[in-house]
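The task is simple: from the sequences and hints, build the whole structure.
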Amino acid sequence: MKVCPMKKSIFLLFGTIIVMALFACQPMAATMVAEPVVPVASETPSATLTPVVTATVSYHFPAIRTPESREALSGEGVATFRILHLNDFHAEIIENSVDGAWMPGAGRLATVIQEERAVVGADQSLLLDAGDWSEGTYPSFPVHPLDVLEVYKMLGVDAVTIGNHEFFVSRDVFYQVLQASPPMEILSANFRVRDAENHCMEDLRLANPYKIYELGAAEGELARVAVVGLAMRDLQFQAPGRLEGICFPEPKDEVKALYDEIMATEKPDVIVLLTHIGLSGDKMLAEYLNRQGRPVDIIIGGHSHSWIEKPVLVGTTVVVTAGERGRALGILDLRYDRASDTLKTEWQLRGITACVAEDAEMMAYLKGKFAAVYAGEQFKFQNSDSVQLVFDGKSDPNGLWIKEEPGDDGSTMMIEKEGMPAVANTEGSRYIYFDVANTFYGCPQPIELTVEYFDEGFGPMYVEIDKAPVGPEHPCNLCYTQKYLTTLTNTKTWKTATITLTDATFNGNQKWGTDFRISAYELQIYLHSVVIKKAGENSP
Numbered sequence: 001m002k003v004c005p006m007k008k009s010i011f012l013l014f015g016t017i018i019v020m021a022l023f024a025c026q027p028m029a030a031t032m033v034a035e036p037v038v039p040v041a042s043e044t045p046s047a048t049l050t051p052v053v054t055a056t057v058s059y060h061f062p063a064i065r066t067p068e069s070r071e072a073l074s075g076e077g078v079a080t081f082r083i084l085h086l087n088d089f090h091a092e093i094i095e096n097s098v099d100g101a102w103m104p105g106a107g108r109l110a111t112v113i114q115e116e117r118a119v120v121g122a123d124q125s126l127l128l129d130a131g132d133w134s135e136g137t138y139p140s141f142p143v144h145p146l147d148v149l150e151v152y153k154m155l156g157v158d159a160v161t162i163g164n165h166e167f168f169v170s171r172d173v174f175y176q177v178l179q180a181s182p183p184m185e186i187l188s189a190n191f192r193v194r195d196a197e198n199h200c201m202e203d204l205r206l207a208n209p210y211k212i213y214e215l216g217a218a219e220g221e222l223a224r225v226a227v228v229g230l231a232m233r234d235l236q237f238q239a240p241g242r243l244e245g246i247c248f249p250e251p252k253d254e255v256k257a258l259y260d261e262i263m264a265t266e267k268p269d270v271i272v273l274l275t276h277i278g279l280s281g282d283k284m285l286a287e288y289l290n291r292q293g294r295p296v297d298i299i300i301g302g303h304s305h306s307w308i309e310k311p312v313l314v315g316t317t318v319v320v321t322a323g324e325r326g327r328a329l330g331i332l333d334l335r336y337d338r339a340s341d342t343l344k345t346e347w348q349l350r351g352i353t354a355c356v357a358e359d360a361e362m363m364a365y366l367k368g369k370f371a372a373v374y375a376g377e378q379f380k381f382q383n384s385d386s387v388q389l390v391f392d393g394k395s396d397p398n399g400l401w402i403k404e405e406p407g408d409d410g411s412t413m414m415i416e417k418e419g420m421p422a423v424a425n426t427e428g429s430r431y432i433y434f435d436v437a438n439t440f441y442g443c444p445q446p447i448e449l450t451v452e453y454f455d456e457g458f459g460p461m462y463v464e465i466d467k468a469p470v471g472p473e474h475p476c477n478l479c480y481t482q483k484y485l486t487t488l489t490n491t492k493t494w495k496t497a498t499i500t501l502t503d504a505t506f507n508g509n510q511k512w513g514t515d516f517r518i519s520a521y522e523l524q525i526y527l528h529s530v531v532i533k534k535a536g537e538n539s540p
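Under this note's numbering, the first residue of the sequence shown carries the number 1, and numbering increases by one thereafter.
If you're looking for bench data, these hints aren't it; they were derived computationally from the structure.
Where hints are given, some of them may not hold.
Here are the computed lysine-lysine pairs in the DSBU-like style, where the Cα-Cα straight-line distance is at most 30 Å [unchecked claim]:
no. : residue 1 : residue 2
1   : K267      : K283
2   : K417      : K495
3   : K511      : K417
4   : K252      : K344
5   : K310      : K344
6   : K369      : K380
7   : K267      : K252
8   : K344      : K211
9   : K394      : K380
10  : K511      : K310
11  : K495      : K483
12  : K403      : K417
13  : K511      : K533
14  : K533      : K417
15  : K534      : K394
16  : K403      : K511
17  : K417      : K483
In structure tokens:
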């Protein structure tokens, strides 16, 4: 088909307009170019900007630092410093509940970090994150990775590594985060850029592989600490379709090569690996490096959401991790003796409870940014004096819910009992499980539990509460702490029983994220209402 010159011009004009419109819709954080800018391989990265290639967009990041040739630190004293660490935060900046388990949010996390950094001083501490920090598993709230980045800067995070979830929103969003990250460091030794022919460029990295810090008391000795970031190699299979232009060399090979380079040029006293490969992967990596004669001092890991009671020692390498979702903060206290070239470590995991006050500056930011969330149902019971559940077929749950799994030990049914509507455990099910609104309970304090029950059968009725601290998931001994409620005497009448609980934490560690359960052993129980009321000096 022939096209006349006039029509051809019109087609070209419309085509130009469409292309311009598409460019205008691209994210503002990116630097747009008409043609891709292809990185040129060289023995040392560019001294200005390193471009990362996509089909039509060139994102420009600060240049990758080259190793510095430093003199070893001198002195014969002892340098003391502290490393605080998180992992698998999953964008939990807002207090909320995930599968019934309470997440403290960034307000309380900020307070704990400030308290722990103040113990030694800002110049003697680092705050590190071992990946999966910018994107959540459960999209409960409209939290963008750039919002999480802003929170991390407010928390004073010094460096993070890259987890698989960093790419789950999109590669372009991750690139925006990478560009906006300074002064926070995003570290990864095994992320490299592919060239225009899709080959992995051995001398062009996506992010800085490590950062050098010098820590210690202002008037005392210093220790030079190298923090190396490392991501899981199978990340390329975790986020398919989002990782064009990126390749992933084997982590252990990258660390082995970097080890010699860092020791020869930077001359660190302590080497810390900040990894996102899981606790089992961390242990295998530590064993490999020890066998190769290149042991690192510390591995701070993420990805497996592991809770540990004490550090794992592999050869001379200390391996630690800090649970998940900002529910706890890992604390490493270190003493490096320069005269003997020895490092002593002490580690603890501080659980973050609702007794921790929320940082005012952080909460002002969050409530300004997410006003609609804080005005919603999630925070409905924050200032309530009591929560209750009435089984009358008309009343809605008010901060207290039953949870169950049909066929399990918590199955229930609605029943009419002597003229009163009630809930009862089904045959073969011993318990009735309850979940308390997380924003109601707050800091553990005395509460009154009142139960209206039908007195049928003989034997004790009891409640089992979750009094476990923040930490490992169930099964746990403190998740089902038994308290005597009343005794059934078979009067065939409706009665009321009230007890005071002083040690419930209600962290959602029982089945299905529940907080307590009521039972009378093998007997069927009938409840018309359950009420929890705050009691004691701390009640509003």
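Here is how each hint holds up against the structure:
Straight-line distance between C-alpha atoms of K267 and K283 comes to about 25 Å, which keeps the hinted pair within the 30 Å bound. Between K417 and K495 the alpha-carbon distance is near 13 Å, which keeps this suggested pair within the 30 Å criterion. A hinted pair counts as satisfied when its Cα atoms are at most 30 Å apart, and K511 with K417 qualifies at roughly 28 Å. At roughly 25 Å between alpha-carbon atoms, K252 and K344 fall within 30 Å of each other, so this suggested pair holds.
At roughly 15 Å between alpha-carbon atoms, K310 and K344 fall within 30 Å of each other, so this suggested pair holds. Taking the CA atoms of K369 and K380, the gap is near 19 Å; set against the 30 Å cutoff, the hint holds. With a C-alpha separation of about 20 Å, the suggested pairing of K267 with K252 holds against the 30 Å cut-off. At roughly 22 Å between alpha-carbon atoms, K344 and K211 fall within 30 Å of each other, so this suggested pair holds.
Simply put, K394 and K380 have alpha-carbon atoms about 20 Å apart, close enough for the 30 Å limit, and the pair holds. Note on K511 and K310: the hinted pairing holds, with a Cα-Cα distance of about 26 Å set against a maximum of 30 Å. Restraint check for K495 and K483: the C-alpha separation of about 18 Å stays at or below 30 Å, so the hint holds. A threshold of 30 Å between alpha carbons decides the hint, and for K403 with K417 the separation of about 21 Å falls inside it, so the pair holds.
Distance check on the hinted pair: K511 and K533 sit about 23 Å apart at the alpha-carbon level, within 30 Å; holds. For the hint pairing K533 with K417, the CA-to-CA distance comes to about 26 Å; that is within 30 Å, so the pair holds. Between the alpha carbons of K534 and K394 the distance comes to roughly 25 Å, so the proposed pair stays at or under 30 Å and holds. Simply put, K403 and K511 have alpha-carbon atoms about 9 Å apart, close enough for the 30 Å limit, and the pair holds.
With a CA separation close to 26 Å, the supplied pair K417 and K483 stays within the 30 Å bound.
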